[in-house]
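Engineer: Counting in our numbering, the sequence shown runs from 52 upward without gaps.
Here are the simulated lysine to any residue pairs, SDA-like style, with alpha carbons at most 25 Å apart: (1) K138 / Q151; (2) K95 / E111; (3) K95 / E159; (4) K138 / L172.
The set of hints was computed from the structure by calculation and includes no laboratory data.
Note that the coordinates shown come from a computational prediction; the quantities given were computed from them, not determined experimentally.
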Amino acid sequence: MKCWRILYVLLAFLVVGCGGSGRLNIYYTEEDRAVLDLIAQVKKEPNDKAGIRLLSDAYEAAFQKRARMAQPYGGSQAGDQYMQQVKEWQVIGQMFEQIQAIPQVVKEFPRLPDPRPQEQLARQQAAEQY
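Please take these sequences and the hints and turn them into a complete structure.
Structural biologist: Set out below in structure tokens:
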């Protein structure tokens, strides 16, 4: 009986521990999925210049879409809107970090836009609203 309790506790830890990794995937757009697919492709073939170029262009498009989405809108609390923006920028931040881990992309395109300042600004604005 004690063995079953230990097993249940371990299973609970596994479920809780694994559940948090995909929380941002509900915010993915089609552009984001394209970027993630290209990241996987470039990781497999890091010397593919065309793939690197496509990745850069797709990331720029996803970044610009997030920048347009960051405009204020009516209907909810300002703090809630800013927290939504934080989540959106975190999605781009995950992609940015994955791209920065590929040396060939960083070498070809060293000035890809970094979403961390926008995320911090949205977080600060949310704190001011609450």
